Amino acid sequence: MKIDMTYGSGGKQTGDLINQVFLKHFNNPILNKLEDSAVLSVSGTIAYTTDSFVVTPLFFKGGNIGKLAVCGTVNDLSMMGAIPKYLTAGFIIEEGADLEMVESIAKTMALTAKEAGVFIVAGDTKVVEGNGGIFINTSGIGEIIKGDISISGCKQGDVIILSGNLGDHHAAILSERMGIENEIASDCAPLHTIAKNLLDDGIEVHCMRDVTRGGLATVLNEAADQSGVSVEIWEDAIPVSREVKGFCDILGLDPLYMANEGKMIAIVKETDANEALEAVKRSPYGANARIIGTIQEGKGVRMKTKLMGSRTIDVLYGEGLPRIC
Amino acid sequence: MKLEQVIKALKEYDGEPVKIMEVCGTHTKSIFQSGIRTIISPKIQLISGPGCPVCVTSPAYIDHLTDLSLKEKYCVLTFGDMMKVKGTKLSLTEAKAMGAQVKVLYSPLAAIAEAERNLDTQYVFAAVGFETTTPIYALLLDEIRKRKIKNLKLATSIKTILPALSFICENETSIDAFLSPGHVSVITGSKIYKGLASTYHKPFVVAGFEGEHILAAIYEIMSQLKGKRYEVRNLYSNAVTEEGNQKAERLINQYFEEANGIWRGIGMIEQSALKLKEEYKEYDAGSREEEIIEELPKGCRCADVILGRIQPVECPLFQKVCTPLHAVGPCMVSAEGACGIWYQNS
Chain A
1 MKIDMTYGSG GKQTGDLINQ VFLKHFNNPI LNKLEDSAVL SVSGTIAYTT DSFVVTPLFF
61 KGGNIGKLAV CGTVNDLSMM GAIPKYLTAG FIIEEGADLE MVESIAKTMA LTAKEAGVFI
121 VAGDTKVVEG NGGIFINTSG IGEIIKGDIS ISGCKQGDVI ILSGNLGDHH AAILSERMGI
181 ENEIASDCAP LHTIAKNLLD DGIEVHCMRD VTRGGLATVL NEAADQSGVS VEIWEDAIPV
241 SREVKGFCDI LGLDPLYMAN EGKMIAIVKE TDANEALEAV KRSPYGANAR IIGTIQEGKG
301 VRMKTKLMGS RTIDVLYGEG LPRIC
Chain B
1 MKLEQVIKAL KEYDGEPVKI MEVCGTHTKS IFQSGIRTII SPKIQLISGP GCPVCVTSPA
61 YIDHLTDLSL KEKYCVLTFG DMMKVKGTKL SLTEAKAMGA QVKVLYSPLA AIAEAERNLD
121 TQYVFAAVGF ETTTPIYALL LDEIRKRKIK NLKLATSIKT ILPALSFICE NETSIDAFLS
181 PGHVSVITGS KIYKGLASTY HKPFVVAGFE GEHILAAIYE IMSQLKGKRY EVRNLYSNAV
241 TEEGNQKAER LINQYFEEAN GIWRGIGMIE QSALKLKEEY KEYDAGSREE EIIEELPKGC
301 RCADVILGRI QPVECPLFQK VCTPLHAVGP CMVSAEGACG IWYQNS
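Protein chains in written order, with full-length UniProt numbering: chain A, 1 to 325; chain B, 1 to 346.
Worth flagging that the hints you see were computed from the coordinates, not collected in a lab. This structure is a prediction, so every number in the text was calculated from the model and none was measured. The beta carbon of each residue, even a glycine, is placed where N, CA and C say it ideally should be. Worth double-checking, as some hints may not be accurate.
Below, a sample of chain A positions facing chain B; criterion: calculated Cβ distance under 8 Å [stated by the list, open to error]:
| hint | residue |
| --- | --- |
| 1 | Arg-177 |
| 2 | Met-178 |
| 3 | Ile-250 |
| 4 | Gly-252 |
| 5 | Thr-305 |
| 6 | Lys-306 |
| 7 | Gly-309 |
| 8 | Ser-310 |
| 9 | Arg-311 |
| 10 | Thr-312 |
| 11 | Asp-314 |
Chain A extracted, bound-state conformation (with noise of 0.2 Å):
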């Protein structure tokens, strides 16, 4: 069944929308009171973000815009520090957008929100013109665990992880768009037990960030910035699968430059390196973790490369490729 312009009347369609869709597939006591608002208990410092998808197409290899929608907001919560507890979630949908589609998208994202333990516990729907899409916004409230992470707490002898292979949602998106067949998925997890067991192990971690849009080259540029610091990376030590790799050499992309939604670095005291990558590898999405590079004094990220030699990593200069995420 389609959805047209009166699902987004506020009667009766929309009402149905609400209950056989969201209600059904969300179902939390919170959220079934259908209150203006959500009514939450907190305690201590939060963390609170919002992020929208926009991505094309909504169905992917490895997940769809509900799973980036859900992973994207915990992600981005998780990497601060904290627990995260409750999401909101805005559907923009198109008119002639497939009911089915929207419950399918619903589903998933319950069935991630379930894993990455929290409550989607408000939502909002509206309907405009259009070809079919779909919008997603959530928001979400995380309690803080640890308060002092952030991108501007490297220091110098620091020693950064990476969860796992780069570039795995980039290829996927491309290859969905361009038609070409193979085994790439996306990596979109959530990431919130990485950073927990992080905690949990009491590593002194000083910074934490999904690597996304812009990829590792971006996030690392930023940290060395923010933190007055140089970043060394090591080439031979960085994680790319080897269907990504060919994936690139043909169409001339680099995997430091491509998203990923299911990735992160952790910038560790150097000490507690070793015991951090245990933390890691030993979590879901976390198996492939490396060791791959040191904070330094100075600016900028530089990567030794497989044949010894340096090179400067910039970041991301304007678009280059249509929006995957």
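Start from chain A and add chain B according to the hints.
Frame of chain A; chain B shown alone:
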């Protein structure tokens, strides 16, 4: 010979300064990405050449595209790289912001589905490139004819690399040797460089794109120069043959013929372009309308960069007013352009 020995020899080179031109933008990129400049002797200078199709595309051609895109019921289909390059008035990005229909495609063949979906729109594919992309344009034409598609035409700006290299050999005597383009050579074969190597006494070495391949090619060039040998050597033999891809060449020759080409910043180079043959003019969206316009913005030295006269850092605008976000010249715009690559990697 082991890689370590090659690196050691190139690092310790202390003879006459040598200038090697890497023709292809992908080589320029790989040289930076593998840090080759930081591990070889400063006496071996690597200079970027004319191998970025976007950088050498004439402004008149861009004007033609933007004009078409602004016409009612017209839509220009293009590779992403072309979006930001300015003609004399506008870039396609700017035209799009003014309401023009412009769409970025990843593959020329995706144009077919686009044209079949919207029959009342006239599509124009911006067919830009070298020998490498031309066979795909030929396949696109095959498909357009097979499916009897009436609303899709090509506006071509296709260049061939050999006349440009010939121009450089004739005019730029300071270049000692060439790292021949890998991708183009897959189509043309390594044979095409033989005449230039013997006439101008320059080594031409075809190389793959990994750092190790490029080092091996530089080593080969240095050995040839030392022994006063000037030969074509193919070190990319798993992809490049002497004769090239004859099936691809047949496809090119079916649809295209040689014509004079306009290179941005350089001007006209005889027989350096490929244009649609007369018998296929119904698929031609005005490719023959190229003209020379005195084109580079004031102070911009992209032409000197393309010809290997200067390195991007020697241009007075580089990094000061010309950056990837505010590109003045075409070499800064493209991902394969020498200035853009230098900016991002040095």
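Verification of the supplied hints:
| no. | hint | result |
| --- | --- | --- |
| 1 | Arg-177 | holds, 7 Å |
| 2 | Met-178 | holds, 5 Å |
| 3 | Ile-250 | violated, 11 Å |
| 4 | Gly-252 | holds, 7 Å |
| 5 | Thr-305 | holds, 4 Å |
| 6 | Lys-306 | holds, 7 Å |
| 7 | Gly-309 | holds, 2 Å |
| 8 | Ser-310 | holds, 5 Å |
| 9 | Arg-311 | holds, 5 Å |
| 10 | Thr-312 | holds, 5 Å |
| 11 | Asp-314 | holds, 5 Å |
Checked against the numbered hints above, the structure breaks only hint 3 and satisfies the rest.
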